[in-house]
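> Each step along the sequence shown adds one to the number in our numbering, with nothing skipped, and position 238 is 238.
Rather than coming from a laboratory, the hints here were simulated on the basis of the structure.
Note that the Cβ used here is the ideal one computed from N, Cα and C, for glycine as well.
Watch out, some of these pointers could steer you wrong.
Unchecked claim - Quick list of the computed label-pair ranges, beta carbon to beta carbon:
| hint | residue 1 | residue 2 | range |
| --- | --- | --- | --- |
| 1 | Phe149 | Leu29 | 51 to 59 angstroms |
| 2 | Glu221 | Ile320 | 30 to 38 angstroms |
| 3 | Ala167 | Ser66 | 39 to 47 angstroms |
| 4 | Arg237 | Gly82 | 53 to 61 angstroms |
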Amino acid sequence: MNDSVTEVLTSSPGATAPKPRLLKSRPVLSDRVFRTICYAGGAVTVTTMLAVGVFLSGRAGEALISAGPAFLWTQEWSPETGTFGIAAVLFGTVTIALIALSIALPLSLGTALLISEVVPARIRSFLISLVDLMAAVPSVVFGLWGVFFLQAGVIPIATWISTYFNAIPIFAVTDQNGQPITDAGAFTSSAFIAGIVVALMVVPTQTSIMREAFSQAPLGEREGALALGSTRWGMIRTVVLPFGRGGIIGGTMLALGRALGETIAVVMIISPIFTINWQVLKTGTNSVSALIALRYGEASQFGLSALMAAGLVLFIITLIVNFTASTIVARSRSGAESN
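Let's have the full structure, built from the sequences with the hints guiding it.
Right, here's the structure in full:
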């Protein structure tokens, strides 16, 4: 009956279709304060990042104008003579970061799966606290540990790798004539050792992000896989890992951003050089952050501008990596539900 009346009214001349009633809620004071604080925090963060970029660009302008595009492919670093570039230090930065990720990724993935899928709940919180506590260890402690303990244990491993895998150019350790070197001194202060130390520093970040992504895999899909006869590993492979793919990629790229900017531990381990060293097991490498830390105190005014230019390149690369990671996490299923 009501439908027929409505139909008659809407079909008659001059009649208008009924409109839905709008429900508006007035936010309470606490909601307005919370929203204001959130907006203010976001604005401060964006403003700070822009201010850092503007500062680096302004201070680096003199050096960038003087060096020109050659700044990106020149290996030597001698601002006083006008010949300087970041090719060698940027190559070392990327090399150390990639070595760190190749070690940290399987370690973090296994740790995250162990915590979220394997261990009993009564010890899960302890392991989570233990991994998070690892992130609180200062960089200088990792550097001291790497110099006085890890390096001595890694040299035999690096020698073995160089002996049996020297057919791969990055694993070969040779002199200027191309002859293999077996002296232990040739394997110290290398990108390989620095990469291992940085890997242990980024493991907590990767593990936390992966664990959060894995723990949010739907319980119904987990139980459904097990009910269909899947093993625990089968359930993890078909449900947990696909669901947490965004967390794996995002956590890895965020760890890459951390690895690219690591300073103190790398400075304490490496032997700085300004040539591209493709042999990662051999003594000698460099990084942008280490260059800035070692040369800042003795640099001239123009040298400071050159260091700011190097810092600007590292700043841009780190921003690109972090924004890419955030985009991947936000677009993934696990990232969308965890935000």
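> Evaluate each hint against the coordinates.
We went through each hint and held it up to the structure:
Take Phe149 and Leu29: their Cβ atoms lie about 56 angstroms apart, and the range 51 to 59 angstroms holds. For the pair Glu221 and Ile320, the supplied restraint of 30 to 38 angstroms holds, since their beta-carbon distance comes to about 34 angstroms. At about 43 angstroms, the CB distance of Ala167 to Ser66 agrees with the hint of 39 to 47 angstroms. Taking the beta carbon of each, Arg237 and Gly82 are about 57 angstroms apart, inside 53 to 61 angstroms as hinted.
Of the numbered hints stated above, none is contradicted by the structure.
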